[in-house]
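A.B. asks: For reference, the chains in residue letters:
There are 2 protein chains.
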Amino acid sequence: MKAVLVAQSGGPSMVINQSLAGVVLAARADKRVGPILGALHGIDGILGERFIDLRKVTPATLENVAATPSSALGSVRRKPTADDCARIFEVLRRRGVKWFFYIGGNDSAETASIISEHARAAGEDIVCFHVPKTIDNDLRESDHTPGYGSAARFVACAFMGDDLDNRALGGVKIDVVMGRHAGFLTAASALARVAPGDGPHLIYLPERPFSPTRFVKDVKDVVKREGRCVIAVSEGIADAKGNLIASRFIHEVDSHGNAQLSGSGALGDALANLVKEKTGIRRVRADTFGYLQRSFPGVASATDQDEARAAGAAAFAAAVSGKHAGGSIAIRRKGTRRYAVSYDVVPLAAVAKETRSMPDEFIADNGHDVTQAFIDYARPLVGQLPVKALLPGII
Amino acid sequence: MKAVLVAQSGGPSMVINQSLAGVVLAARADKRVGPILGALHGIDGILGERFIDLRKVTPATLENVAATPSSALGSVRRKPTADDCARIFEVLRRRGVKWFFYIGGNDSAETASIISEHARAAGEDIVCFHVPKTIDNDLRESDHTPGYGSAARFVACAFMGDDLDNRALGGVKIDVVMGRHAGFLTAASALARVAPGDGPHLIYLPERPFSPTRFVKDVKDVVKREGRCVIAVSEGIADAKGNLIASRFIHEVDSHGNAQLSGSGALGDALANLVKEKTGIRRVRADTFGYLQRSFPGVASATDQDEARAAGAAAFAAAVSGKHAGGSIAIRRKGTRRYAVSYDVVPLAAVAKETRSMPDEFIADNGHDVTQAFIDYARPLVGQLPVKALLPGII
Chain B
1 MKAVLVAQSG
11 GPSMVINQSL
21 AGVVLAARAD
31 KRVGPILGAL
41 HGIDGILGER
51 FIDLRKVTPA
61 TLENVAATPS
71 SALGSVRRKP
81 TADDCARIFE
91 VLRRRGVKWF
101 FYIGGNDSAE
111 TASIISEHAR
121 AAGEDIVCFH
131 VPKTIDNDLR
141 ESDHTPGYGS
151 AARFVACAFM
161 GDDLDNRALG
171 GVKIDVVMGR
181 HAGFLTAASA
191 LARVAPGDGP
201 HLIYLPERPF
211 SPTRFVKDVK
221 DVVKREGRCV
231 IAVSEGIADA
241 KGNLIASRFI
251 HEVDSHGNAQ
261 LSGSGALGDA
271 LANLVKEKTG
281 IRRVRADTFG
291 YLQRSFPGVA
301 SATDQDEARA
311 AGAAAFAAAV
321 SGKHAGGSIA
331 IRRKGTRRYA
341 VSYDVVPLAA
351 VAKETRSMPD
361 EFIADNGHDV
371 TQAFIDYARP
381 LVGQLPVKAL
391 LPGII
Chain D
396 MKAVLVAQSG
406 GPSMVINQSL
416 AGVVLAARAD
426 KRVGPILGAL
436 HGIDGILGER
446 FIDLRKVTPA
456 TLENVAATPS
466 SALGSVRRKP
476 TADDCARIFE
486 VLRRRGVKWF
496 FYIGGNDSAE
506 TASIISEHAR
516 AAGEDIVCFH
526 VPKTIDNDLR
536 ESDHTPGYGS
546 AARFVACAFM
556 GDDLDNRALG
566 GVKIDVVMGR
576 HAGFLTAASA
586 LARVAPGDGP
596 HLIYLPERPF
606 SPTRFVKDVK
616 DVVKREGRCV
626 IAVSEGIADA
636 KGNLIASRFI
646 HEVDSHGNAQ
656 LSGSGALGDA
666 LANLVKEKTG
676 IRRVRADTFG
686 YLQRSFPGVA
696 SATDQDEARA
706 AGAAAFAAAV
716 SGKHAGGSIA
726 IRRKGTRRYA
736 VSYDVVPLAA
746 VAKETRSMPD
756 EFIADNGHDV
766 TQAFIDYARP
776 LVGQLPVKAL
786 LPGII
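In order, the protein sequences belong to chains B and D.
Counted the way the numbering used here counts, the first sequence spans residues 1 to 395.
Counted the way the numbering used here counts, the second sequence spans residues 396 to 790.
In isolation and in its complexed conformation, chain B is listed as follows (with noise of 0.2 Å):
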């Protein structure tokens, strides 16, 4: 009886603990399966042989860790070399593992197809699955990825709260939303508005180019007709030339080559300076969502948390049918009438690396707003907000 190997990479998620368990109740109930073991960080605790027992887990432990936001097992970001490769075959041969589950993103991707295609040079008997996961939205294959819809209900619920702050006190609010190069977590705050006159009133997402001046612009205009302004900014918005803006104030890149953009207030506080400066309005303020959006407990879609748990067992289905060497998961929509979801194969390298965009039609001809087509994908992903209600004949 061959083991199987679970782990997580890449930034955490409130819900990659149940492609987690998805992968360890499916491993868990079928009788091919032997020893099912989670590496701790990734691929570096295949490296330093740092393995959990995910078969002593009780069943009920294992439901409350999937309710857990974060990677349980302890997260990476790692890109492996050739010696690594070669030394984690030489730990999964020990270990009897055949089926390799690697749940992150698209970095995590690449690292299941680097794994996935040294195994098959080598002659290897693993076969490597990825096991969709990224807050950004922007797996490419997928309509959506497990993790959006959490952190877009996060960033939803905020937008909707921040905007009645905004409301009681006004002036020009400036919030900063995840998202390296795809805007579809800060489109999300779109699906804050209820009534008229609701922000966010402004969207800036990493799809447009974005300019200052004609940003100061936009903000003075919204302040004359509804009297305050609530900004959406992605953190990944760059000029025309594709230079981030937030890198003009912060320098730092993970070994796969990103700049560092979370964990920062820069980016916020220098648009609010900018918006002081130029515009003359005294209170203006930025926040910066940060880790919050990925982490925080107690807000999750109930779709996401379904999805989630579901791919992890389509990863396992798929590992075990012996119909692939490796692949990964995409989730795909069926239909239009109805919202439903099928989950389909799709090869490594399909998803390994390369990320997606916002679609155009997703994007307002202004370049600052999303569309209702946009608004029409989201609001599944993220379910029912909180209530709320504003008094008769406030402006």
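Heads up, a few of these hints could be off.
Claimed, not checked - Straight-line alpha carbon distances no greater than 27 Å define the calculated BS3-like cross-link-like pairs of lysine-lysine that follow:
#, chain 1, residue 1, chain 2, residue 2
1, D, K718, D, K748
2, D, K612, D, K673
3, B, K276, D, K474
4, D, K671, D, K397
5, D, K673, D, K619
6, B, K79, D, K612
Simulated from the structure, these hints should not be mistaken for lab results.
With chain B held as given, fit chain D onto it using these hints.
C.D. replies: Showing chain D alone in chain B's frame:
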């Protein structure tokens, strides 16, 4: 039949509309009351005669508004002058207002106190009541204040998620929490701890002098012990001379003379840079929770919601009783075995302007943590937190 006038002032909270509903529902049920007016944006709305007829709001809408965060009548930060008071009395007389309710923190209590004193001096027939509200929990006379439990619940949830995030990816994480002079909200981060090793590992409050040198040493010690470090820092931390650390990076004051601390990530970023420079640790991040702490929908504490409403109702009952020329409501804890409170009338002057800090018995001797006494104090105010479970054997 005399009129009731109600308004909201200062920073919004998640339950400030529960207090509004408490006043309005009690007033509606009382046959001595004629019109029930809501002034928009606090005393600005009285001076500008911008009123809403709160009798016309349906019970269903009022309940939805009560459940909605942030001041539904709008807010203001303004201290009335003698001229303002004269103009206010002119408006109140013309509108037949006898009972005036001002929902807010200590600055709002000061406003209510100024109006009350001027009314008495001018022989106006006005009963002026302050309804307590502040996420800072720093009103004198009260065991705790409406708004605190919900903001504390947000902070506890945020640290629960962020500590899990830090467990997954390691390094040092600094989270800056609201609280100008009092550390109650920052202290609530400690409620996030469930398992041994859980963060926050360090908690810095305004009640103890902050030394950057000592801070760096504390962080190094925790990283040595835990391999990582999660830190709660109050925006109001100050050096031994009482100078705000944040004021080295932020320069802005409001009309009550308070330094503007929120709506900027500067303090967190500065502390993160300090840790990076002095320790050589590469992964150091800072988030500033900002306005989400007081406005995020869907995370309010049920106890806080109930008490905020009861405080509004208690203010109304006291105002119409004929026993008081004015006053404020203080929440006091009754008994010790089981959590229960009373709503007592206290003089406006007792809660106006001055604030209270964390008592010494809530602060650990090492100066960077809270005591079990604080946990016991805060737990019933915050209520049950979401599930947090770790896999067995995870460090």
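A.B. asks: Quick check: which numbered hints come out false for this structure?
C.D. replies: Violated: hints 4 and 6.
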